[in-house]
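Chemist: Make the full structure from the sequences, and use the hints.
Chains A and B, in that order, give the protein sequences.
When we follow the working numbering, the leftmost residue of the first sequence carries the number 1, and every step to the right adds one.
When we follow the working numbering, the leftmost residue of the second sequence carries the number 196, and every step to the right adds one.
In short, the hints are calculated from the structure, not lab data.
C-beta: ideal position from N, C-alpha, C; glycine also.
Treat the hints with caution; some may be incorrect.
Facing chain B, from chain A, some residues (calculated, C-beta under 10 Å) [stated by the list, open to error]: (1) 117; (2) 158; (3) 175; (4) 195.
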Amino acid sequence: MAKAAVKKAASAQAVASVERRPALAGNDVSGPNVKITVLPPAERLSLRAPEASVASLSRALGLTLPQKPKTSASKNGRTALWLGPDEWFIFDEAGGDLLADCAKAKAMHSAVGVSHRNVAFAVSGPGGEATVSAGCPQDLSLDAFPVGASTRTVFGKSEILLYRPAAYTFRVECWRSFSDYVFTFLKDAARDAAV
Amino acid sequence: MSASFRISGKGRLTQARTARFTFDDKAYSGLAGDTLASALLANGVHLVGRSFKYHRPRGILSAGAEEPNALVGIHRDAARKTPNVRATVQELYDGLTAVSQNRWPSLSFDVGAVNDVASPLFSAGFYYKTFMWPKAAWKSLYEPKIRAAAGLGVSPDLPDPDHYAARFAHCEVLVLGGGAAGIAAALAAAETGLRVILCDEQAELGGALRFESGSTIDGRNGWDWAQAAIARLVAMDNVRVLPRTTAFGYYAQNFVGLVERVSDHLQSPDPDLPRERLWQVRAKRVVIATGAIERHMVFADNDRPGVMLASAARAYLNHYGVAVGRNVGVYTANDSAYAAAIDLKKAGVNVAAIVDLRDNPAGSVIDEARALGIEIHGGRAVVRVGGKLRVNSMTVQPKNGGGERTIPVDAVLMSAGWTPSVHLFSQSRGKVAFNDEVKRFLPGTYAQDCISAGACNGTDGLSACLDEAYAAGAKAAKEAGGKAAKPAKPKVEASESWSRGMLGAAPGAGSGTTVKAFVDFQNDVTAKDIRQAVHEGMRSIEHVKRFTTNGMATDQGKTSNMHGLAIAADELGKQIPEVGLTTFRAPYTPVTFGAIVGHARGKLFDPTRRTTTHGWAERNGAVFEDVGQWKRAWYFPKEGEDIHASVNRECVTVRKAAGLFDASTLGKIEVVGPDAAKFMELLYTNPWEKLEVGRCRYGVMLREDGFIYDDGVVGRLAADRFHVTTTTGGAARVMNHMEDYLQTEFPDLNVWLTSISEQWAVIAVQGPNSRKIIEPLVEGIDMSDAAMPHMSVREGKICGVPTRLFRMSFSGERGFEVNVPADYGEAVWEALWAEGQKHGACTYGTETMHVLRAEKGYIIVGQDTDGTVTPNDAGLDWVVGKKKTDFVGIRGLRRPDLLARGRKQLVGLKTKDPNTVLEEGAQIVADPKQPIPMKMIGHVTSSYWSENCGRSIALALVAGGRGRMGETLYVPMPDRTIEVEITGMVFFDEKGEHLNG
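Modeler: Laid out in structure tokens, this is it:
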């Protein structure tokens, strides 16, 4: 990217990296039947591409990009959520470099790194569905939203991405500045998750 | 009266489980399972409230949600004081405290009852007539007095300490109403394995089986059958049974609002329990099984305590074991009241007489009553009752006139027939149709995927109700995709059945002006009020309703609508359907604000968005301001500084040394794809194709009409990649605007938009020392002026983490904006601050940012523009690519009125007195001596004290402004008129030398 514009470094000495301070780190909470965990940072990518590029990008990313609405694909710690006919949200919890992998694909696409844009929560336990249903109008039953399902939806007044990696676990992703609101709402909803 | 009216051996409550409570400070005892109403009646208390308008003593009319009279306050503690609770719905718990309402000084002696005597003054429509003159008195006198005198109950005066929960739910079959029909429908649907939700407003499901003594289903008493069926449903995984849950609103596409009362019935609720839970249910099919509501008879003084619905008296007896009196009279126009008389008589209560408006009542219940020795007066009417605080007699007369006979009674049970509850059906936009044979409005044309079953559908008789409801449940399930199942259909072996009755005023309603025969108890509307409305010209029931307020109280006319309609129709000499029925609206019964608000209070009212440096700013004394949902640092006062001192210091420091500012809230969009530049050309007025990679440009975006929509600096990271910034407030809508055009107007372009607003934390470092502050922390970027001129962007590292480093300025000084991935924002800020302090830098907030940009004449979209300002108006002609043939707004810009002379143009203003700071929004005139209203030729858009200029500065939109340079104009204020001179917009460093300073 913009290689032509990056001139030679003015200062040669390396500067020690500053620390990363993820939002809400360590703020886990448990309610009746439900546990809410603030998930560790992950690599995240917003991928846009026409259908013709899907095969090439799938090879580059090492997993088959899902093409059915509300589905996902997961492999080796890397998960792709279908968000639209030309849009995927991909996260890698194994430290893989998503941008670099996409760059290997010759086919036309837009890959934008959004690792720091989102904060993710795991809402797990038998009360997870009730907790998320406090603010999300979608049908989250296992029939309508089975394991592996994903969607871009709302939770109260915040947009979220919702993904179900296991029967009793939801992954909720929201933008960083909404994370306090979403986490507080999840906590409040978890109080009522016994019903 | 302290004697117990509880009859041993009657009812379903356990005698040993007592619950103490107080009503108006007097202690009473009831039983677990009682409602407040049944417990009061068990203690012989009928007088429970005063009416809304006339302050007439009122008792308990019903045993359910339709109750118009028995409204009380329930006080749990200082903060929990709920007004207007229906005593017939409030479940008793040990320690309950109830108070009567709408009376002073006491319930039995209420001064406001003078309204009853003075009632001719308060006739129908009196609000509209009495207080028309003098007009001024409405606001100062009439309205406050009326508001103080009227109104029911007292609002709590402390914040609500309870919390409320909300839940979205989905099911294939939603059954509204848990009476016999609802249960049958739920059973049929549940057997298919589909998701079924069954809700009912009562604590225990069973509906009319609660009071019907003559029903047998599957070999069991009806009530017991219902409880067993509910237990079976509750045990099924696919069924959710919600008692104490009212379906209050039926919205589009089978979206139904239910409110569940979770803890109002508990003595000391677990603090983790919500008070109420709002269920927003989306159902594939809905079965409406809402039953029917008994109507009262309309006759003189029919509101006296002790006068009540026959079915209510029966419920109190058969379910709660309470006799509503010792010597009761019955007044009816249909069979159902006979069953009440029979049950009471069998329980040992004396039934003084049954007065039946029908000439020759005949049938099995009539025979049974006669066999029990009850006097039956056919063809007669109760024309009035005696007693004020409690009924003590009823006066009977042949319905066509004749000799009167007064019979002493302590309660009067009445029934004019049953009104099918079509409220939810009507809310679903279904059209009701009048069935002339049975004189009922019944579900006619359906608008949504629902089925009515049972009494609400006009079906009489338990057996027919169950058959219909069972079929409805099975049909709903089948339509919702359920597998065929053939569960055992409940078999009705004995049942009660009644229909017919009468609508409107009975002979006892009188025709004079003093008789009060109530149609609507809660709003104190009498038969004569309805007649008067017709006499005064109201023709449509909608007009009659509004003129008299009939049906407009919190009970929504559940008992009154049909009577009111019939009286109006009679007076108009028309058929009922010609007069029409008012539309039922949500909510079916009152819903608390708490239930609607749910979780969205306090911190959850709206998201509060904070930047990554928020904590640091807080620790370092920043004062914050709200910018949309964002909290932004406004200024950073030092010890002893007010906002002015702080902002003056910050402004000077940035220009003398440097300043750090958190600009993270700016919207950021990454525009990527082979057609990225082409897309930018179309969305912005500026040219982009030739912008070199690594360079930035200030872009302006228009709406189709040619007015400025947003602005921001855009950096080109690669041939096919732009980093776009937007205003903070415009972040979401600009993204939507771009996406909208991309998808609908330019779908052929290969370009994609991704919001990166929150990916990057943005730290603006502005001022002559800015490069010195950043340079030591940067790797891989040559920051020399030659390598990185003003308006350029580089990618590299800062503090060891990736950065997109922009050289740009919103202050007019040499400046940079350091973008780093958000999780590093605060640490990089701290590193920059450490460097900054070595070079005399300060931190600054939005106020200083505003002043600095105004000193340079940089506009803020939304402050200096208001959606009617073109680039030319704003002095920004240069942003419009002259050679461009297309961009959004290009045609708008050519509209004659946008090219006309004399448009308002953005200019600078200097007050003649440099110390005077204008008010933003102040109007500008050319001649302050002209008569009022003056011709206003513009207004001040931005105004500040500029410490750097040593004077006040302002921007203003002024008609023909740029042609008025040097002119003196005037800003009239309430206390003085301020002289101003029109100037250019740049107040500081006109040549722009500081950008490289």
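Chemist: Looking back at the hints listed earlier, which ones does the structure fail to meet?
Modeler: No numbers; nothing is violated.
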